[in-house]
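With chain S held as given, fit chain P onto it using these hints.
Protein chains in written order, with our numbering: chain S, 1 to 341; chain P, 1 to 282.
It is worth saying that the hints were derived from the structure and are not from the lab.
Bear in mind the structure is a predicted one, so any value in this text is a computation, not a measurement.
Even glycine gets a Cβ: it sits at the ideal position worked out from N, Cα and C.
Heads up, some of the hints might be wrong.
[Unchecked claim] Short, incomplete list of chain P residues facing chain S, as computed with Cβ under 8 Å:
1) Y42
2) A46
3) D120
4) T121
5) G217
6) A240
7) W248
8) L258
9) L267
[Unchecked claim] Reference listing, derived: stretches of chain P covered by chain S, where coverage requires no fewer than 3 residues with Cβ under 8 Å from a Cβ of chain S:
10) 91-103
11) 123-129
12) 162-171
13) 222-236
[Unchecked claim] Take a look, some chain S residues computed to stay more than 12 Å from chain P by CB distance:
14) V20
15) T87
16) Y93
17) R137
18) P169
19) Q182
20) A220
21) L247
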Amino acid sequence: MAHSTGKVIGQRIFGAIPSVIGVVMVTFLLTRALPGDPAAFFAGPAATAEAIEEVRATLGLDKTLPEQFFLYLGDLVRGDLGTSLTTGQTVVYDLATRLPASLELTLAGLVLAIALALPLGILAATRPNSWIDHSVRLLATAGVSLPTFFTGLFLIYILYYQLGWAPAPLGRLDILYSAPPQVTGLYLIDSLLAGDLELFWAAASQLFLPAVTLGLFALAPLARVTRASMLGMLSSDFIRTARASGLPPRQVLFGYAFRNAMLPVITTLGVVFSFLLGANILVEKVFAWPGIGSYAVEALVASDYAPIQGFILTMALLYVVLNLLIDLLYVVIDPRAGVEA
Amino acid sequence: MTSSTLQHTRYVISENLVTFGAFALFLVLVLFAIFGDAIAPYDPLASNATVALQPPSSAHWFGTDELGRDILSRVIVATRLDLGIAVVAVFLSFLVGSILGTCAGYFGGWSDRIISRCIDTLMAFPLFVLAMGLVAALGNTVTNIIYATAIINLPLYTRVVRSEILVRREAGFVEAARLTGNSEWRIMARHLFPNVLPVMMVHISLNMGWAILNAAGLSFIGLGVQPPTPEWGIMVAEGATYIVSGEWWLALFPGAILMLAVFCFNLLGDGLRDLIDPRMRT
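Chain S with its partners taken away, still in its complex shape (with noise of 0.2 Å):
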């Protein structure tokens, strides 16, 4: 079995290349086969006629499509994703520096949608038509109806302004605090690391609001799938052995239909990973966050193309790599996903 299970792995590893030959691909498009001049595009909007012609030819933007696209290739290989007009820096610094802050962001998102969805959705089940059931379910169809850019400006007026509670929505910290030393970029986990617990509060202080943003979005399909798929488990033969057979009800719930209906669970965190990435430039716009997302869209706004390239690329790239894990968590699980592969 450990044997199956370890190839099983290798073949989905394999698998993913496809889509990330797919990924780069399209991102080249992007850029060179539609209409516009991407050498106007890149040089940016102040660009004078020679700078313009310098930029096409130092882009290689003169030669053949397939040409150009071997060229893209050598550069993803070196590393080299052009360099931001806006910031000055390479994208690949700028991306580098901020990804962490769009990581812990999302990161806890999903972490405080899970902690939510999961209970919600096993209260749901067990009560079939019952106010729980009624209400998680109007609370699934209410969660993927709101716009999150609104969830977020609508949580700073009540919980900043009104309330007081939450610290202004001004990136992850506030400037009387300054960044703990990096080891992972989260500053969750590098202020705990440093043992500084002023610090870490402050920080989750700082995250609490648009992580909780991202979370409601994010809560809505996994707590949807939760009750469906537990409700599906409780009626099944083996549970009715199970609870015939006089085990406690919650080993029953826990150890027998929990387990089997987490798997179409991890089945949806691919969509909700696709949810979360997209939702994330909108709150990190929201919540003045400093992570790729805000990086992207600033530098939409000042119609920098390079920046937007390395962040479609990397946006995309990052997604292929979750649902590769979500995949392997799947088989690691789910002894029959080796078997029947």
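Just chain P now, kept in the frame of chain S:
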């Protein structure tokens, strides 16, 4: 509609007042979209510095913005643009997705492989990020917002149609149609595709809400619709700067209408699903 379908419809509506409410809200939105200019109490673009940044009052129910424009009028007039973008985008992806999905499901083989591979590549992107990239590359216009929204919705339609066609491809009625001398294209268009439509209606309704959210999100980050055009996403973006100083009505009302519109389509989708296939209820 047969009488039993009508009876079933009536039963579902009486059982499901929420869906009925959503349908009423849908009609109001359609009304706003068609007659918005006539319903709006003020000119949505007329600024009036003497009444700038006023909270809701009997003269301005939703208050006024920083230029003294009436927010209620702007919210009503924006309905046409927001719904319009979503309707055209969803229609486009439904049309193209149905054709691609039917071909992939019916012919199988290499056409299926090519179509599925292209769709998988689109699915490899977080969809909102892809939409953002498409608009940035195609150019910052409303038309391109529509194309981008249509493209990111394409995988959904193609996949659903493909799998629905696939399970019916070998069915008896298809075989019968083939034996009576129908061409392949006629079988696909007249015999197979109509069977997929009911399921697609549910997806279209649920997808409309998502398309509205998506288009509003794009204009919130400054893509597509340009000021001073009234549009819900851009109105929330403009109101965002005032929310930390306490002028909540600038962002709240357009945001709330946006949310209601999306909520309405999601509830309608759920209701339609109950109508078409009660077993799918979750």
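Next item on the list: Any hints from earlier that this structure breaks? Give me their numbers in increasing order, please.
Entry: 1, 2, 10, 12, 14, 17, 18, 20
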